[in-house]
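Colleague: These are the residues of each chain, in order.
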Amino acid sequence: MDYRFQYGVVWDNFDALLEGAWLTFQLGVLAFMGGLLIGLAGATIKSFAPQPFRFLVDAYVVFITNTPALIQIYFLYFGLPEVGVRWSSEACVLIGLILNAGAYLTLILRAGFLSVRRPELEAGLTMGMSILQQVRYIIVPHIAKSIYPAVANFFIVILVMGTSIGAIIGVDELTGTAINLSTVNYRWLEYFSVIAVLYVILTFIASIGLALFGRWAFRVKARIF
Amino acid sequence: MPHLAVNGVRAAYGTLDVLKGVSFSMEKGEVVALVGPSGSGKSTVLRTLVGLTPASAGTVQIHGNTIDFKSAGAVRAARDQMAIVFQQYNLFQNMDVMRNVTLAPIKIKRRPAGEVMPEAERLLRMVGLAEKKHAFPDELSGGQQQRVAIARALALRPQILLLDEVTSALDPELVNEVLDTIRRLAADGMSMIVVSHEMSFVREVADQVVFMDQGEVIETGPPKAIFDVPKTARARDFFAKIIRH
Amino acid sequence: MDRVIEQMPRFFASGNLNLLVEAAGLTLAMTFVGCLIGFFLAFLLVYLRQTPGRWAIPLRLVCIGYVEIFRRIPFLVVIYLVLFFIQTVTTDASLFTIAVVAICIYATAYTADIIRGGLESVPKTQIEAAQTMNLSRLRTTVTIVLPQAWPVIIPPAIAFAVSFIKDTALVSQIGVFELTFRGKELNNQGFSGILVFGTIAICYFLISFPLSMLGQYLEKRLATPRGQRRARSIRNA
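So the sequence lines, in the order shown, correspond to chains A, B and C.
The first sequence begins at 1 in our numbering and counts up by one.
The second sequence begins at 1 in our numbering and counts up by one.
The third sequence begins at 1 in our numbering and counts up by one.
Source of the hints: derived by calculation from the structure; they are not laboratory data.
There is no bait here: all hints are sound.
FRET-style restraints, in silico, Cβ to Cβ:
#1 L37(A) - V33(C): 37 to 45 Å
#2 R54(C) - T59(B): 19 to 27 Å
#3 I86(C) - R136(A): 51 to 59 Å
BS3-like, lysine-lysine: derived pairs with alpha carbons at most 25 Å apart:
#4 K133(B) - K109(B)
#5 K220(C) - K46(A)
#6 K241(B) - K231(B)
#7 K109(B) - K70(B)
#8 K70(B) - K20(B)
#9 K107(B) - K124(C)
#10 K124(C) - K109(B)
#11 K231(B) - K20(B)
#12 K124(C) - K70(B)
#13 K241(B) - K224(B)
#14 K46(A) - K145(A)
#15 K132(B) - K107(B)
Beyond 10 Å from chain B on every Cβ pair, some chain C residues (computed):
#16 N18
#17 F32
#18 G117
#19 Y217
#20 L218
We treat Cβ as the ideally placed atom computed from N, Cα and C, and that holds for glycine.
Using the sequences and the accompanying hints, generate a full structural model.
Modeller: Following this line, the structure appears as structure tokens:
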């Protein structure tokens with residue numbers, strides 16, 4: 001193997017990579033937050049709403065979780081302009097990831113909802129709580145601790161797997177930046193090995209942050225490894 | 001020369017000293033009973049002998065051959081000569097009775113199947129479970145599983161059989177069938193070290209009783225002597241509490 | 001919308017349909033082969049990770065490190081890394097091979113945790129009993145631990161493979177002629193994005209949904225004690 005590694009170029013452009021990492025992080029956080037709201041709404045509907053709405057949520061979840069995120073994003077990116085909507089690559093990725101995350105988080109949160117026992121919910125009802133209040137005051141505090149690991153883990157998934165898909169349609173997050181830089185001087189292996197390390201570091205920081213947050217907010221002993 | 005001599009064996013779990021220098025010896029064909037309150041380290045002595053708990057100091061001699069437990073080879077040699085029956089039977093759940101009994105003799109001791117299979121059937125007959133040889137452990141009662149575990153241990157042809165509270169996990173009505181099996185083994189001259197709470201059984205079957213407390217051997221002696229006229233205060237306390245019921 | 005309807009006859013021409021069916025087959029083949037090999041490699045990794053003794057600490061760290069690292073790198077990056085790495089060594093490797101290698105590397109990391117969980121779910125007392133009979137670690141793992149760990153390992157392993165079918169879409173980036181690649185191709189030829197990617201999405205759905213239902217069914221059947229006995233009788237038959 002006579003490939004000579006030249007990491008010099010990578011160090012020269014390191015700040016571009018860091019900017020890409022920052023975009024990755026922002027996308028991840030925003031997509032996750034959006035997905036969390038959808039997930040909460042979806043789980044609430046599945047638990048409390050009448051049949052037609054429950055079916056709609058099921059259809060949404062089943063369809064999203066059985067099709068690739070890339071196809072979902074391609075659908076937005078190539079399909080929307082045909083109906084006159086022209087969103088940027090970043091917007092397509094963001095909306096696509098939010099919808100994607102929403103489906104998976106609906107599943108996770110719904111599992112959490114199911115673990116709350118009926119009598120507690122009925123107690124809330126008799127006190128005159130609306131559905132939203134039941135969710136907020138009874139369900140969420142109850143399950144926050146037990147579903148936190150699954151939810152935190154899903155954030156890492158979105159951060160790593162989800163955002164990198166953006167590179168395919170030209171978003172300059174970490175992977176996209178690496179692709180751009182590589183096409184300039186063909187140091188693909190160097191750039192990609194470096195961003196691999198950056199991703200690992202990024203996720204470790206996120207894992208530690210989530211573990212600490214979990215410990216502070218919910219007294220969860222979340223694993224880092 | 002004693003069949004088995006345990007000299008000053010120490011063991012620790014982390015910083016906690018579980019065995020603080022245990023010594024005793026036994027002759028061939030003897031039944032030694034280890035008794036004492038919970039946490040006295042009786043089970044740990046057995047676990048140390050088969051290398052499940054590492055000994056931090058001390059030696060063990062079998063027929064004069066010293067085993068130092070520092071090397072893997074020594075532990076293997078010890079396991080070759082001693083077989084243990086556990087409180088929770090620990091039969092291999094994914095195999096039937098016959099395979100449980102014959103697996104180690106055929107694969108590890110490398111004895112021919114033509115020799116092991118009939119012997120396994122004889123052992124199962126001896127413990128009264130010949131007709132269950134193709135049953136799986138989850139189809140057997142606790143007492144039956146324990147008897148299979150005894151047969152499995154005997155199939156290894158050990159010099160010394162170790163029995164770790166083998167009736168403690170059983171429902172009362174199943175205890176006797178296991179005790180009967182042990183009685184028969186004792187009568188046949190099997191060297192055994194028995195850890196048990198069944199005091200009347202110990203009194204009847206044991207040749208030597210070793211009383212332990214907090215990781216040390218407090219007193220040893222024949223059952224009559226130690227049960228009726230214990231020399232030390234701690235032994236007196238223990239046996240007084242036992243005998244009352 | 002009218003554009004979509006107008007294009008449909010041309011789109012659903014037999015030539016295109018053949019390509020799509022072939023592409024779907026490729027998607028399934030990649031996933032199946034990659035995950036199967038990855039599964040065996042993962043088992044090896046977990047076995048090595050459990051090697052006792054102080055001398056084995058570096059080996060154990062390597063095994064742990066592999067899993068922790070490759071679980072945190074995006075699959076797209078793994079694909080590119082494998083592509084560039086292999087191409088600096090040889091130009092003979094087919095794109096399909098490169099894709100399968102990338103899938104293997106990824107699947108090994110993810111399946112290792114599933115296998116480890118399964119092996120650790122077998123009570124330690126089973127292993128202790130085997131140790132006191134001088135059974136070797138290999139024999140203990142293969143004849144005593146694994147048979148009892150299968151029901152815990154198989155359902156999540158299958159669920160992983162089924163969900164990986166969707167991740168293979170990223171392989172389109174290096175030119176493998178699977179579903180997503182064909183979709184992009186058709187879109188480049190001028191077919192409506194809604195039509196193309198809607199159809200591709202449905203293709204993936206038709207593959208993924210029945211398989212995931214099958215996986216869930218298998219999980220329910222294996223979870224009951226009767227199921228475990230059934231699994232055992234199938235093994236011993």
